[in-house]
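Residue numbers (my numbering), protein chains in the order written: chain A, 1 to 258; chain B, 1 to 128; chain C, 1 to 383.
Since the hints were derived computationally from the structure, they do not count as laboratory data.
Just so you know, even glycine gets a beta-carbon here, dropped at the ideal spot from N, CA and C.
Each hint should be verified, as a subset may be incorrect.
Quick look at which bits of chain A chain B covers, simulated, 3 or more residues with Cβ under 8 Å [what the hints assert, rightly or not]:
1. 62 to 74
2. 183 to 190
Away from chain B, derived, C-beta distances all over 12 Å, residues of chain A [as the list claims (entries may be wrong)]:
3. T57
4. R83
5. W91
6. Q104
7. S200
8. E237
9. N240
10. G249
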Amino acid sequence: MNKERREFIRKTGLGVLAGICASSAFMPAFSLEETVLPAWDEKPVPGKIRWGMLIDTRKCLNECSECVAKCHFVHNVPDFGNRKDEVKWIWKSSYEHVFPTSTQQFRTSDVLQRSFLALCNHCAEAPCTRACPTEATFRRWDGIVSMDYHRCIGCRFCMAACPYGSRSFNWRDPREGIKLASVDYPTREQGVVEKCNFCSDRLVRGLIPACAESCPQKALTFGDLNDPKSDIRVLLESNNTMQRKPELGTKPSVFYII
Amino acid sequence: MRINKTILTIGLPALLMFALLAFFRQSGNAVESPKAPPAPVTVDSTRCIAQTEYMRANHMKVLHEWRNSSVREGNRVYTSPNGSRFQKSLNTCLGCHSTNRLFCFNCHMYANVRPKCWNCHLSPMETP
Amino acid sequence: MIEKALKGNRNYWAWIASLLAVIAVGITAYNRQHWFGLTVTGMGRDVSWGFYIAQFTFLVGVAASAVMVVIPYYLHNRKEFSKTVIIGEFMAVAATLMCLLFILADMGRPDRVLNVLLYPSPHSMVFWDVMVLNGYFVINLVSGWTVLGAERRGVPPPSWVKPVIYLSIPWAVSIHTVTAFLYAGLPGRHLWLTAVLAPRFLASAFAAGTSLLILVTLVIKQCTGFDTGKEAREKLAVIVTYAGIVNFFMIGTEFFTAFYSHVPSHMHSLQYLFFGLEGHYTLVPFMWFSLLLGLGSLVVLLLPGRKSSPKWLAAACTGLVVSIWIDKGVGLILGGFVPSPLEEIVDYQPTLTEIGVTLGIWAIGLLVLTLLLKVAVSVKSQE
């Protein structure tokens with residue numbers, strides 16, 4: 001009796017396993033491993049795509065910081081509550097800080113009161129990648145200025161080189177500053193530089209960046225700047241837009257409608 | 001009669017499981033519609049990417065190579081000599097190997113090596 | 001030859017012991033930094049380089065100034081520099097070592113430092129700086145040590161050492177030029193983004209570094225009785241004077257360009273350093289102290305007869321070293337970060353840990369210098 005029961009359980013178990021195996025063979029989403037599915041399976045062609053972002057600051061609400069919260073949660077960006085150790089990928093600031101070299105006199109009060117999003121510009125001519133002595137930061141095949149945290153030596157040259165203040169250094173162990181951890185993305189470690197990665201982790205799963213997705217006003221448009229038919233290119237052609245500090249020749253991939 | 005019973009005990013749950021998973025497939029796969037829907041790669045997860053002996057000696061090299069080619073060149077799919085395809089990711093390994101939460105630690109502790117993977121990546125000990 | 005560094009009187013050993021004590025303090029402080037991260041320093045997101053990089057910049061100048069004795073002795077055959085040249089070379093060795101240590105101390109992941117060689121990136125100025133600094137270290141150590149060894153044995157130095165010494169001359173210029181290029185090529189940092197930075201670095205190096213060399217020879221004379229010669233010191237003082245004048249002239253041109261063009265971003269950093277900006281005045285007293293001290297020291301050197309008095313010479317040299325240390329080290333590095341790219345002003349103050357590490361590295365440099373000079377002086381005075 002007992003032996004028979006054991007046999008039954010064993011066989012049923014085998015059956016369940018076989019079912020899972022069979023289904024995962026047909027449907028990758030049910031494989032045991034929780035891996036993301038790559039959006040492309042071949043080595044990408046460099047320079048074909050150039051990801052960019054257009055921020056319609058007219059739509060951006062002053063009191064809302066949904067994009068900042070979402071981005072910082074998704075990417076496990078620590079918050080230590082002080083300016084010195086601060087790490088940030090995307091943040092809001094005033095016109096005079098985000099566009100210090102653009103027209104300051106006689107701007108409309110609306111522009112002066114509005115808050116502007118600042119993030120890595122993923123420059124086509126990025127000074128940070130030029131300064132990096134180990135190519136830990138480099139321009140990817142799709143125009144994203146990426147960080148290789150495994151290679152960064154923490155010399156902070158890229159921070160001195162970036163004219164937009166987009167880079168943060170992990171002055172201390174970031175895990176101490178993460179209250180709510182996301183399991184989708186690793187943290188960084190003490191002693192390396194980090195910054196916005198244009199959600200390359202999400203792009204690979206076919207998702208748009210977290211900030212653009214989370215914006216309740218749909219003020220952020222993400223797309224391929226090399227594709228004349230993309231939403232972002234259509235908007236760029238029909239609106240008057242600005243880049244940050246264009247005089248430096250860095251060719252930012254982030255544009256603003258003022 | 002006996003063989004029939006065996007087939008039934010194994011086959012029925014297998015079929016049920018398959019049906020159940022197939023049914024939940026839609027909800028399980030619900031992904032935000034991307035701009036250009038990518039063609040997903042079938043990922044094999046039923047076996048390891050290489051022989052155990054090889055992996056025991058060379059897993060760090062494999063991970064290092066995978067990381068470099070996927071992060072820096074965007075080449076995210078590994079095709080093993082027998083044709084199986086894998087996503088180049090630490091999670092591909094942990095997908096199976098983390099069922100034993102001490103899989104990495106036992107050996108590393110024994111060999112007294114302290115890789116820094118878990119300074120950033122979530123270790124099997126930390127996953128819920 | 002190194003055994004000569006192991007024989008010394010009580011003062012010598014007391015000096016070594018006190019240096020070792022400071023090194024111990026430095027190691028303790030570094031341990032703390034290594035454990036808790038660079039958060040224990042005064043650096044932060046806005047001012048991301050501080051005391052360490054300031055020391056580094058200053059010391060590259062000290063290292064480069066060895067060329068000011070190598071050129072007259074080896075290129076122009078001026079015999080009065082025969083005793084000074086080895087001191088200049090060994091000072092360059094110690095200074096270069098300190099430079100490398102300061103870079104290491106400033107790094108977030110010093111364990112990965114070899115990545116610089118593993119993934120060589122010619123587009124990065126840091127890569128070239130690591131190359132030239134290490135090269136300069138080896139060149140000076142090898143040439144100094146070989147010539148000294150030959151002298152001890154009473155034979156002429158091997159013929160291969162001459163080209164190495166000649167190589168050290170352009171190499172000295174290169175280390176400071178590349179160091180200036182570290183800063184001068186960064187867009188958006190207007191205090192640094194100036195073509196005159198490299199020449200200014202060289203001028204300040206030949207002023208401050210050579211001053212330090214004069215001071216070292218005076219200390220050696222005081223402690224060991226070994227005199228490198230009054231004539232050599234006075235000639236060096238002339239070099240210091242001219243280099244100092246050129247340095248202050250170039251600082252003046254920076255002021256002219258910034259304030260006459262009236263481009264705000266060009267003025268901001270200088271305003272912050274010398275006049276205060278939007279209520280931030282932390283560095284103003286230091287910068288004026290540096291400027292007045294430097295000019296005062298130059299006046300002393302220019303007055304007739306003051307150079308030949310060891311006391312006046314020592315005072316003027318100390319003044320120039322301190323002045324340029326503040327101006328080119330601390331002022332230049334911090335000024336580059338203020339205001340930040342988003343035009344915000346954040347003040348920086350070094351922490352005790354940071355100062356501890358800095359003192360430790362200086363002590364290591366002084367220890368190496370002491371040992372090398374002990375050998376040199378012993379050989380030269382035929383002990």
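Status of the hints after comparison with the structure:
1. 62 to 74: violated (count 0)
2. 183 to 190: Satisfied; 6 residues make the cut.
3. T57: Check passes; 23 Å lies beyond 12 Å.
4. R83: holds, 24 Å
5. W91: Per Cβ check, A:W91 is outside 12 Å of chain B; nearest 23 Å; holds.
6. Q104: For A:Q104, whose nearest Cβ neighbour in chain B is about 37 Å away, the distance exceeds 12 Å, so it holds.
7. S200: At roughly 9 Å from the nearest Cβ of chain B, A:S200 sits no farther out than 12 Å, so the non-interface label is violated.
8. E237: A:E237 clear of chain B: closest Cβ-Cβ about 18 Å, beyond 12 Å.
9. N240: Its Cβ never comes within 12 Å of chain B, the nearest being 25 Å, so this holds.
10. G249: holds, 26 Å
Hint compliance for this structure: hints 1 and 7 are broken, all remaining hints hold.
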